[in-house]
Amino acid sequence: ETGVTQTPRHLVMGMTNKKSLKCEQHLGHNAMYWYKQSAKKPLELMFVYNFKEQTENNSVPSRFSPECPNSSHLFLHLHTLQPEDSALYLCASSQGAGTSLLNEQFFGPGTRLTVL
Amino acid sequence: DAKTTQPPSMDCAEGRAANLPCNHSTISGNEYVYWYRQIHSQGPQYIIHGLKNNETNEMASLIITEDRKSSTLILPHATLRDTAVYYCIVRYSGTYKYIFGTGTRLKVLA
Numbered sequence: 007e008t009g010v011t012q013t014p015r016h017l018v019m020g021m022t023n024k025k026s027l028k029c030e031q032h033l034g035h036n037a038m039y040w041y042k043q044s045a046k047k048p049l050e051l052m053f054v055y056n057f058k059e060q061t062e063n064n065s066v067p068s069r070f071s072p073e074c075p076n077s078s079h080l081f082l083h084l085h086t087l088q089p090e091d092s093a094l095y096l097c098a099s100s101q102g103a104g105t106s107l108l109n110e111q112f113f114g115p116g117t118r119l120t121v122l
Numbered sequence: 119d120a121k122t123t124q125p126p127s128m129d130c131a132e133g134r135a136a137n138l139p140c141n142h143s144t145i146s147g148n149e150y151v152y153w154y155r156q157i158h159s160q161g162p163q164y165i166i167h168g169l170k171n172n173e174t175n176e177m178a179s180l181i182i183t184e185d186r187k188s189s190t191l192i193l194p195h196a197t198l199r200d201t202a203v204y205y206c207i208v209r210y211s212g213t214y215k216y217i218f219g220t221g222t223r224l225k226v227l228a
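Line by line, the protein sequences are chains U and W.
Mapping the first sequence onto our numbering, position 78 (from 1) lands on 84, and the numbers just tick up by one.
Mapping the second sequence onto our numbering, position 39 (from 1) lands on 157, and the numbers just tick up by one.
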């Protein structure tokens, strides 16, 4: 247990569906991240939130829409996805972002997404 | 962007030291080197990080060369549970941005 939880752990959706991934951290951190991990590809940073403000959007298509209502929760809203979006989506948190503070990231277990 | 290069796979006998190398020859003076590992079907787990000096914690040791162009992660007594993909990651000082490579798949053999 890393203190970062993600739900659901597995999700199968059609290309016309709308779904949301949820991430919650119990560590008192101020920064939260979404990563995508496709088969045989490096982990890709998607979004970064620092104190609820989005500070990084790594050229992610608009069919992925993040939301950070507070420092403990992060959502990824999905709509009209493509089969190539099938991947493991990982959430992480850290004490801060963009500072010199000790900044190791704590990862959740991920959501395995399959788009049919 | 600074990038890292790691061997794709390594084997290590159980109980022996596992030495995982990483090349980061384009690293600049204020960039940290982080090591994470990912056990199958789990999220990455932080192991250790360093800037210039060698570092040790309860999980591993990190040896950084004097020119900072490469580093080695040492698991002193590898166990079967250490089988995982190990990532050497460069983080820009003052930023949150990690650059993950493809990592080294370490297999600890009984």
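Calculated from the structure, these hints are not laboratory results.
Given the structure is predicted, the values throughout are model-derived calculations rather than measurements.
Any given hint could be a false lead.
Calculated cross-link-like contacts (lysine-lysine; reagent style DSS-like; alpha-carbon spacing at most 27 Å) [as the list claims (entries may be wrong)]:
no., chain 1, residue 1, chain 2, residue 2
1, W, Lys187, U, Lys58
2, U, Lys47, W, Lys225
3, U, Lys47, U, Lys25
4, W, Lys121, W, Lys170
5, W, Lys187, W, Lys170
6, U, Lys28, W, Lys215
7, W, Lys121, U, Lys47
8, U, Lys25, U, Lys46
9, W, Lys170, U, Lys46
10, U, Lys58, U, Lys28
11, W, Lys121, U, Lys46
12, U, Lys58, W, Lys215
13, U, Lys47, W, Lys215
14, U, Lys46, U, Lys28
15, W, Lys215, W, Lys187
16, W, Lys121, W, Lys225
17, U, Lys58, U, Lys25
18, W, Lys121, U, Lys24
19, U, Lys24, U, Lys58
20, U, Lys24, W, Lys170
Checking one constraint from the list: CA of Lys24 of chain U to CA of Lys170 of chain W, max 27 Å. Satisfied? Violated, because 47 Å separates the two Cα atoms, which is more than 27 Å.
Compare the distance between the alpha carbons of Lys121 of chain W and Lys170 of chain W with 27 Å, and conclude whether the hinted pair is satisfied. Holds, because 17 Å separates the two Cα atoms, which is no more than 27 Å.
Holds or violated: Lys121 of chain W and Lys24 of chain U, Cα atoms, limit 27 Å. Not OK: Lys121 of chain W and Lys24 of chain U at ~36 Å, beyond 27 Å, violated.
Against the 27 Å threshold, does the CA-CA distance of Lys47 of chain U and Lys25 of chain U hold or violate the hint? Cα-Cα ~24 Å, so holds.
So if I understand the rule, the pair passes when the alpha-carbon distance is 27 Å or less; does Lys58 of chain U with Lys215 of chain W pass? Satisfied, since the Cα-Cα distance of roughly 17 Å is no more than 27 Å.
Is the hinted pair Lys121 of chain W and Lys46 of chain U satisfied, with a Cα-Cα distance of at most 27 Å? 18 Å, holds
For the pair supplied as a hint, Lys170 of chain W and Lys46 of chain U, confirm whether the alpha-carbon distance does not exceed 27 Å. Status violated; Cα separation ~31 Å.
Hey, Lys58 of chain U versus Lys25 of chain U, does the alpha-carbon distance stay inside 27 Å? This hinted pair holds, its Cα atoms lying about 21 Å apart.
Do the alpha carbons of Lys121 of chain W and Lys47 of chain U lie within 27 Å of each other, as the hint requires? This hinted pair holds, its Cα atoms lying about 15 Å apart.
Against the 27 Å threshold, does the CA-CA distance of Lys187 of chain W and Lys58 of chain U hold or violate the hint? Violated, at roughly 36 Å.
Below or equal to 27 Å on CA atoms is what counts here, so check Lys47 of chain U against Lys225 of chain W. 19 Å, holds
Distance restraint between Lys215 of chain W and Lys187 of chain W, which requires alpha-carbon spacing of 27 Å or less: 19 Å, holds
In the structure shown, a violation is registered for the earlier hints numbered 1, 9, 18 and 20, in ascending order.
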